[in-house]
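Grab the two chains, each in its own frame, and use the hints to assemble them into the complex.
Chains as they are written, first to last, in the numbering used here: chain W, 730 to 954; chain Z, 15 to 314.
It should be emphasised that the hints constitute simulated quantities derived from the structure, not laboratory data. Being a predicted model, the structure only gives us computed values, none of them experimental. Heads up, a few of these hints could be off.
Straight-line distance between alpha carbons at most 25 Å, and here's what the computed BS3-like set of lysine-lysine pairs gives [said to hold, decoys possible]: (1) Z:23 - W:789; (2) W:810 - Z:23; (3) Z:288 - W:789; (4) Z:166 - W:864.
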Amino acid sequence: MKIIIQKIIVLLSIFVMAKLLYTNELSLLIHPRYFWLIYSSIAVLTVTLIFNRETHSHLKNYFAQAMLLLAMTMGLIIDLKPLSSAGQQQTSYENLSDTNQIIRSKYATSFQLNTAGMSLDELVSLISIDPEPTKYIDKPVVVSGFYFETADGSPMIARHVISCCAADARLIGLWLKEPLDLQLDTWIEVQGTLDLIENDGFRGVAINTTEFDLIDIPKNPYVVN
Amino acid sequence: MMLLELSPKINDFFIILFSILIEGIPFILFGAFLSALVEIYFSEERVQKILPKNRFMRFSSMVMMGNIIPVCECGNVPFARRLISKGIKPYFVLTFLLAAPVFNPIVIASTIAAFPNNYEIVFFRLLFTFIIAVSLGYIFMLFSSRDMLIDKLIEQRRQKIKEKNHKRHKHGFFSIIHKEFIEMTAIFLFGATIASIIQIVVPKELIFQFTQNEWIAILAMILLAFVVSICSNVDAFFALAYSQIFPTSAILAFLVFGPMIDIKAIPMFKTIFKWKPLLIIIALIALLTFFLSYLYFLFT
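Okay, chain Z solo, but in the shape it has when bound (with noise of 0.2 Å):
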């Protein structure tokens, strides 16, 4: 067969952009399945039942439920939108989203693996990351809760609830797979695209210089965790290559931020949150994984 050959700054792109898609794709794919389990199998009735009524509890089950539920921050989306749809209230949901890429066993092992003598590290990124998912859990719910959906996905509840009624043919099992394989890949895509242009553009080891003083290096590796887009899963190996030239508290930054929101998750977001809240989620998130890691540095 004829193939194509590529210039070598395309054909960098095309590395980057695959390796992104084709790491991802697996994860994606899990959430897909997951998601279809929930659709056919759980009722709306049965998950409000399982979850717990008190608050913090629920807001705590929502962070402990990526154990259960072991997906990454690609396969999480296509769940959360379920869990939205079931009825679950947005700022649950968007506690789950942020906790289950690092609450979840595949995440904890190789963080373990990556740092074994460090169990700090572990500790506190479990720590920081339930502090952040359930503040901003909180923030939402008492703010600004109705705002938050795209109207997508209020149409689609309405659409479920009015259906309760009514029999209407459903979608098999493998129908849903595929809907949200396709939907999830295509926006993962987008998001990978972008940043798979920015590796090419901007090269990582500018984040060098950036080594002077603390909180410097705290706001390079969160920086570096947004722009690489790595998934969770794997993420501790690649920040225990930098962890001999910053400091543990900027490692930390970078294990709690990049797991939670990074280039490639800000489109599949989008296809949950209005832009106004996915904003101020990010800032928020910049803001509490710097001032956590800082706090870090000053008390260790």
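This is chain W alone, in the form it adopts within the complex (with noise of 0.2 Å):
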């Protein structure tokens, strides 16, 4: 009996990952450098589970497989959305300013003004690099990512950064001058220009925004660092 509920854990370990790859939301948990050690972990495991000639097993920590047996279930039957950014709602303009820092170094080599053809990281990573807000006035820009407001109420077009995985997402994005009539964390590409904005004493840039259309979760909704 012992073996069997050892060998059913083995085995949803492995489903779990396949299922992960499969939805792809391996994506939403991990970078994407890091896919293949799963690929080997699924291989490994199935040898494992074919060679292991075991009859009994002297594993006797009854709470923690049927833990683990529990997890990996709930692997297997949750859909999983993106990283919301309720994590991040307490947070205020001051400290979203100096995460926008994360991703300075991105850009660096390519420095340019050409604003319209980048992304929304290419941009948060210029703007860190030179965060002069006079040179951006006026520059168009077309930007894709979800709503967010901080506590103190001021609106941003944001993305999630992960440099290994999901538990170190942290957020960057660019403020809007106005706030948008959306739920947060709807995904939007606004259209607008850049434009100065200041906020107790920060200065900074944002955009003005004349469009915005709702847009579908892309398929991989972080920017991976």
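Put into structure tokens, the structure is as follows:
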């Protein structure tokens, strides 16, 4: 009996990893750079399952095994959605202005001011390298991301950046001059021009929205760093 | 298939939990594989013979073992337990546990990749890890080597010595992998769950409020490493993101402290050490990391 539970746990682990790969939910969890680790684990676990000829088990911690069974079952039946902004809703304008620094180095070598073709993360990176807001006034932009508001009510178009897995996800984004009548985490494409924004002594760049469209959640919703 | 839909906060919890779990599983599996390898192919005499007799050399060889056995902090625990069952003293194993997640080629390569023009970070990360891992080994050797291990491991060790005389049914290679994998993943799950709950309740962005001065920044990064619980194989890329905002000393503290201990590792360490020595270990690591990082700030 005990050995059967063990084998079910291993089998479920294989199924969960295979399901995450098949549904592309794995890209909501870890950086694509590490996908090969999951392929390898599936292969190794399958081999151990085939060659483990043991008929009885000495593993005693039933509670831990039950929890593992539960977690793996949850992994199979839950329909995972991209990380929401719920974790960041207590943050302020000041905190998030700092967060933008995290992808600063990304486009350090391709410094240019042709903003129209740039994605949200490229723009954020560019502005953090050269933060003087007046340089960007009236530059046209078309960017996509989800709608977000900080605790102090500053609206933003944002995306999550991950460097390893969702556990290290951080929010980056561009401020919007005016709030939009949208639920938080709604994915949008915003068209507009860049402008200067001043907020409690902070000067920054914000988008003057001329038009926005609702869009589907992209296949890879995170920016990978 | 009808799949379960969740509210955003619960969904976020599962995303973070599964991201830690899925990232950890390959390494736990690798650790279980190595553990099985040692159990089947390395007798106690052979293990004792390979390791140097001189104490300092033995501590150093424990640090360097990570280079031959590239396990991060998820894979090192099953291997460490196997070393103990092979009769290696717990303080040597402690040094291995603390150093292996940094002294291994994958981690060194990813640190260089993340900080390509900053060999100082790579050098001091290795140096500080070496100092802390060996110091803790020495401290426990001198003061309380007897009381470190949990009863179950001591019992297993006794059993093992008995078994030497009577030949008994032996477990197969794949069976040991399964056993280690399930046991460690279950405990890892427990740690990952707590780490995920904390992440949902306390937003990471709050960390940016603690950059006013060096020592607060160092403490903040130690705390961040403790909470975020990411794997040492990739933590350099994570730290890189903070290097624009935090001073180098604080980044170094993150890179030294994180691989040694974090929330998800505590339940795993608990399968080796009793509570009291474990808490002393955590406190000493934090203290030494802080002290060394602050010294780095003062002298650079």
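Violations among the numbered hints, reported as their numbers in ascending order: 1, 4
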